[in-house]
Amino acid sequence: MAKLVYDDTGRLLFTKEMKEEYTLLMPQMLPVHFGMMKKLLECEGYKVDMLTTNHRGIVDEGLKYVHNDTCYPALLVIGQLIDAVKHGGYDPHKVGLLITQTGGGCRASNYIHLLRKALEKADMAYIPVVSVNLSGLEKNPGFGLSLPFIRKAVYAMMYGDIIVNVANQVRPYEVEAGAADAMIDRWSQRLVDGFQAGKGMSRRQMRANFDEICFDFAAIPVEGEPKIRVGVVGEIYVKFAPLGNNNLEKFLLSEGVEPVVPGLTDFIIFKIYNRVADVELYGGKWIKKAGCSLFMKYIEACQRDMIAALEHSGRFRAPGTFRELHSLVHGYLGDGNKMGEGWLLTAEMLELIHSGTNSIVCTQPFGCLPNHIVGKGMIRKLKDDYPYSNIVAIDYDPGATRINQENRIKLMLANAKGLARQEPARPREESQRTRELEPQLAHANI
Amino acid sequence: MSLRVGIDIGSTTVKVVVLSEQDKLLFRSYERHFSKTRERAMETLASIRDLLAGQEIKVTITGSAGLGVADAAGIDFVQEVYATAAAVNTYIPDTDAVIELGGEDAKIIFFGGALEERMNGSCAGGTGAFIDQMATLMNVSVSELDELSLKHEKIYPIASRCGVFAKSDIQPILNQGGRKEDVAASIFQAVVDQTVAGLTQGRELKGKIVFLGGPLHFLMGLRQRFVETLKLDGDHAVFPEDGDCFAAMGAALCATDYAPVPFDTVLKKLEDSANTATVVDTMPPLFTGREEYEAFLERHNSTGGPGLLPINGYNGDAYLGIDAGSTTTKIVLITSEGDLLYQYYHSNQGNPVAIVLEQLKDIYGLCSLPHDNHIVIKGAAVTGYGEDLIKNAFSCDLGLVETMAHYKAAAFFDPEVDFIIDIGGQDMKCFKIRNGAVDSIMLNEACSSGCGSFIETFAKALGYEIEDFAKLGLFTQKPVNLGSRCTVFMNSSVKQAQKDGASVEDISAGLSISIVKNAIYKVIRAASADDLGRHIVVQGGTFYNDAVLRAFEQEIGREVTRPDIAGSMGAFGAALAARDLHLEKSALLSREALEHFTHTAKPATCGLCTNHCSLTVNSFDGGRRFVSGNRCSRPLGEEPSRLPDLMRYKYAKLRSLHGKGSGDGSRGKIGIPFGLNMYENLPFWFELFTQLNFEVVLSHESSRKLYLKGQRTIPSDTVCYPAKLLHGHVEALVEVGVDAIFYPCMPYNFDEGAGDNNYNCPVVAYYPELLAANVPDLKQVRYLYPYFGLHRPRDMERKAGEWFFNEFHIPRQETAAAVKAAYIAYNAYKNDLRNTGRIYIDRARAEGRPILVVCGRPYHMDPEINHGINDLITSYGFVLVTEDAVAYLEDKAPRHVLNQWTYHARMYNAARYVCAQPDMEVIQLVSFGCGIDAITGDEMRSILETGGKLYTQLKIDDISNLGAVKIRIRSLMAAIEARKEK
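So the sequences go chain by chain: A and B.
First residue of the first sequence: 1, per the working numbering; consecutive thereafter.
First residue of the second sequence: 1, per the working numbering; consecutive thereafter.
Calculated from the structure, these hints are not laboratory results.
Errors might be hidden in some of the hints.
Stated by the list, open to error - Distance windows between CB atoms, simulated:
1. A:E280 with B:L889: 35 to 41 Å
2. A:R317 with B:A817: 52 to 58 Å
3. B:G463 with A:P387: 41 to 47 Å
4. A:G178 with B:E807: 56 to 62 Å
5. B:Q780 with A:A290: 42 to 48 Å
6. A:R317 with B:H236: 53 to 59 Å
7. B:G607 with A:Y386: 53 to 59 Å
8. B:E43 with A:K417: 29 to 35 Å
Every residue, glycine too, gets a C-beta built ideally from N, C-alpha and C.
Work the whole structure out from these sequences, hints included.
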């Protein structure tokens, strides 16, 4: 059994020995992206399990071990990890936990500490927690992200975004149910196999893959009239993770609309851009700014490739570039608004509205601090500037019931349908008709 | 065309309407469904079989509980707000806005321009159901409540956000003798404020407004409050005759678009659906069978306790204990051995004084029955919410804090007791006992008050008496999982369970389990039974409920002691305390004095300082008076004691920072809103602007009035109160007239080197941007909200230089010099605070006074935010300093959390410092809704408990009820005393 080694601050380390013996458990946020990430980690020699559990027991474990006023994603992610250790059939002495760490003024940067506290409370402090971050926080001898790996991870993310994007545009219309999901599986497997063989990891090969992905998804047989599109934005975990948002996408599909979920790429660029913006706003080292700008430019170039592929497909709508998003938010929020999803969240809503998706679900954990400002706080102004925007803010937390959430989304959808009728033909003809009729209101109890 | 039927299934009622082809109402019904939604809808439809049988009808279902029925029955569903809008469009076409209150939902629809429809979020709960709960609390029917409200003289401020908050506001008013008429009107006002604040979100309510829904249909008092608040005249406030059925009528109108179906098919569909049960999230049963239950009862009934002596056979000394609780009054009379002579437990019906008076008369009667026995009451003590009032009314010998009373009582049953949990009607108290002293107290925060009265209200809503309702759940095999959150959430969980077809039995058991989970995970925050203790005593009326007791034992996996007088433990403890006074003679009002006892209560508002306390002046016979609701002794005609108070000092210092300073004001007037980060940074900005020859104008001091001024522009009702106040501040500044308002965005705070980073929280950082987007008045003024980083002084000179040049054409060098001066001024301010803190501490030590270090954010010094807690603290004899007065005495140390916020780093260090000071204690102030304090709270607790100190957290919001605060501070004092005695 691997020896438990601690660093000078008393943090339990993930050792090289553990890398051999232990299984790393990771939460899932975006099924496609994280699925590829898992396989990439396996290629690096780690044993990894991605948790896809989704049951009430997760929330119960979370409530037990995490302060109940902490944000819902922390409660879920930690509840899911602890539930897996306790009931997932693992040897608790042979698992490590993998968790992403962002840093920044939002309390989300504390997840890893909350996880450690929870483990202590559950008498499992011997389980090592591994931080995945790009800021050089918390190093571990048995876990490291090499530059080639990071490049692969970036590619996996780009691939994930384009696959999810096109799949979302196909799924509501597919003739054969499940066709889009089957295609997702085929492509993620193919891409990972390629990664393993060293393929698909140059810009040129990526462009080719992008085109092929668009082609393959465009070939899936579809039918029916275009449906009302509904955008989904929000705090990153509840926006993407089905566990966090009570299967929101599935619900929207069942309501007969097409969900539009802006991808992860912009968020990653946003997080890098923040470092550049910090230097611009408050001063700092030019080298930091230059380094970050370079990294950012690289991902932006990949993003442009993706957009180009979508545009060339002739079949799919393409999202805007990061810079276009950024330019939209001018007059709403400043460049320094970076905690949580920061100005990006508002920018995504603006982009959706500009691209004709007026109806939006803005998701957030109950009491989410940044979203007071960038989500709920901006809806009034959006409504003033774009009267036909139709945004509903939905709170997620262990006590919020699905019926409550769905009822509010249904209201938004009813609005969407009403607005769709109202928008093209104004002034309304029906209202004149009703005015001619005597308003009748009488008791006629039988 | 066929007849159209609309069925609206709400959270508490079912409405059915039939419309003719001309949209004429042919039939309407409005009935409570007591959670039997499908059955009710079916019965109503069946009752109009004569009208519809054999016809093809068009039907849709709407309503918050209608979704499930519609799905199960395969009938089309229309969202209720949309349906309402359709009805209003048809029947009252020139409407500008609709306000609809339902059983649990509040909705606003704006017409004109693009349709805008809004419902309350998941937190803002409680409207009709809230009014029901309040009526239960006041022991009147809803229609009586309505009548009372029409006779009000005064409106009390009652928290308008959530029902549970309001409850904890109302309770003390009632207990302290406030008039029921005034409370009733205040409840309605709270509903109005909640609707206006929560739903308009910046869009103005004007023009012709239609009011709909059951509560607005039936309650004249509520109508009156809406009309007055929105300043509407008769033409602009429309209350349609069928306002309670509008959603159903809308559903019928919407049905136009759907295909007609034979009436009998619809009925059949509903009938069939009533039998399909869907999967519900369930939990293990409480008892597997009768036998297990019998054994359980046997065990609990054999708990030893005080004997019960017949009062007419006793001769000797006796001691009286009164627990004037929030909803019930408990009285016991005991012998010197602790045997019970008399016991009383009853709802106080909103007037504890009358109850106690009647009881005392009875007890005196029993004590001198015409036998030759003679009982002398040698001591009387009172505890509970109404402690002060009862103590003064009847001249009791002792008033003691509830925690102490409960501990005394529990120790009588189990001298080794190390954990006590008391779940009463309105509040939940848990505390640990360490070394014979109350050690760590956990009270339910205003938000999770899911206690006894909560089950009671549910029972009533479902049409049961509480005793019967609780027993229902004992033997169900599948209690439904309702989660463990506050009452409002619970309402919707129950709704969901009903929708999914859970039975009343399942819900009853689920509610009992929820209460327990709420207590264990939310209030106590325990992960295992060992976190609680080995000798657990449970008490409070709620534990008479076997289902709750059982659930508690199941959840912690340990057997506990439930005394047979569980509901009277506070009173019993008080009686024991009275006994331990060893008095020669009790001061309690004599039998004769009670004969001419009178009591009247009058509301008043104290105008002696900016707190504007809502007072209740109680007058008793013989000119005795008792004033409650005050935070200091000034309304009693005494000058308040002024012990050193660094909060007050800081506040006065900051408020003085306005005007031209050392400059000449020639560049114009800069308005600065006095809130959030300004409480820390104002000395910096004041110096900077005055150096640059601006005149600084501060917004007025915060007040409830100021808050209400900006309330309608608050977009997120769950943000903290300090942030909400800013809306009023900036609006007030616009009114005052300034050349520009300056309120910078500050993601970073000063770097004090005590943490890993120096952030502000997201709300403090970015609120200026939110204001720009939501406060329309700001468009009338030059509103400047640039990003600045004070953590990099050199860069700040440059960045400020650019900014002031671009905005005001000020030469860069001039700005650079002013920035330098501003840093110096800020440091001088900080040093002055530290020095003053040191002087205060020295003085405390010289005079032998305990020192309280109040940890929080700088803006917690705002009297409107802390509600005068500082005055309360010093009135108890503490010297008060703030966290920044001692935090600098410690260096940075590793923490178990990411220590990246400047203000929090100060708190951690202050707590560490206090651990080494025998005469210091910490109280942490936490604003409700502060997500970050969910993290700091736990860390503070662990620092202090490791250091052998008590952790006391005070949660504060816009409510000004200091009841819970007093309990904590007095318990802290009692614990300090107990520790001294050791």
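Hints not upheld, ascending by number: Failing hints, ascending: 6, 7.
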